[in-house]
Amino acid sequence: MGRGGRGGAGRGRGRGQGPVAGDKSTTTSPAGLAIRSPLGRNSVCLRETMAGSPRSPLLLLAALALALALAVSPAAGQGHKGRLVGGLIDADVNEEGVQQALSFALSEYNKASNDAYHGRVLRVLRVRKQVVAGMNYFLEVEIGRTTCTKSQANLDNCPFPNQPDLQKKTLCSFQVYTVPWKGTTSLVKSSCRDE
Numbered sequence: 001m002g003r004g005g006r007g008g009a010g011r012g013r014g015r016g017q018g019p020v021a022g023d024k025s026t027t028t029s030p031a032g033l034a035i036r037s038p039l040g041r042n043s044v045c046l047r048e049t050m051a052g053s054p055r056s057p058l059l060l061l062a063a064l065a066l067a068l069a070l071a072v073s074p075a076a077g078q079g080h081k082g083r084l085v086g087g088l089i090d091a092d093v094n095e096e097g098v099q100q101a102l103s104f105a106l107s108e109y110n111k112a113s114n115d116a117y118h119g120r121v122l123r124v125l126r127v128r129k130q131v132v133a134g135m136n137y138f139l140e141v142e143i144g145r146t147t148c149t150k151s152q153a154n155l156d157n158c159p160f161p162n163q164p165d166l167q168k169k170t171l172c173s174f175q176v177y178t179v180p181w182k183g184t185t186s187l188v189k190s191s192c193r194d195e
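The sequence shown begins at 1 in full-length UniProt numbering and counts up one residue at a time.
I should point out that these hints are in silico values taken from the structure, not numbers from a laboratory.
For each residue, glycine too, the CB sits at the ideal point set by N, CA and C.
Straight-line Cα separation of at most 25 Å, SDA-like style, residue types lysine to any residue; simulated pairs:
1. K169 x Q152
2. K169 x R193
3. K150 x Q167
4. K111 x K169
5. K189 x N136
6. K189 x S173
7. K111 x D165
8. K169 x V124
9. K111 x V124
10. K111 x Q99
11. K169 x T149
12. K169 x S107
13. K189 x L155
14. K168 x C148
15. K111 x D156
16. K189 x M135
17. K150 x C192
18. K168 x L125
19. K150 x S186
20. K111 x S151
21. K111 x R123
22. K189 x I89
23. K111 x A153
24. K111 x G144
25. K150 x L102
26. K150 x P161
27. K169 x A112
28. K169 x S113
29. K189 x R126
30. K189 x N94
31. K168 x F138
32. K182 x V98
33. K111 x N157
34. K189 x Q130
35. K111 x Y177
36. K189 x N114
If you anchor each label on the Cβ, the simulated ranges turn out as follows:
37. D194 x L61: 56 to 64 Å
38. A65 x V93: 41 to 49 Å
39. S107 x E195: 15 to 23 Å
40. D90 x S56: 44 to 52 Å
Using the sequences and the hints given, assemble the complete structure.
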């Protein structure tokens, strides 16, 4: 009969199993140290089988996929005040980035406009921003026609006309994309309608 009273006289000992007689829960490590398992000899065999099994990489891959899924879940991706990273958040119109985006959008509006007069922001209705690979600014503004023609210098302080027939108001929505570290700004979307 084999060791420990079990059948299998012709069986050889598995890799890493030591010669401790009569002890079913003790094995020898590759370094020659005796290892005692509280779960018995079968747990050691299971570990040896799993280490060499083709399932091992699959189990590791499954564990990594689970960890990644937990890391990018909405609960894990919550930013300041419960907002999702990459989600749209309201922005302060006085922020430097918002002011630059607004100035850029207005400049592009005036270039594209067929009006002989310069347009200027009357009111900012809403500003939102979104962190992406850069920053998206979503601007909703009311633009008014000024008394300055586009050919004049210093258009920032142009007054609005008092005569009702010269007054013109336009509601616009702009999406401005900036990448500050590259120094690039672009107008992604522009939609305007006269009031």
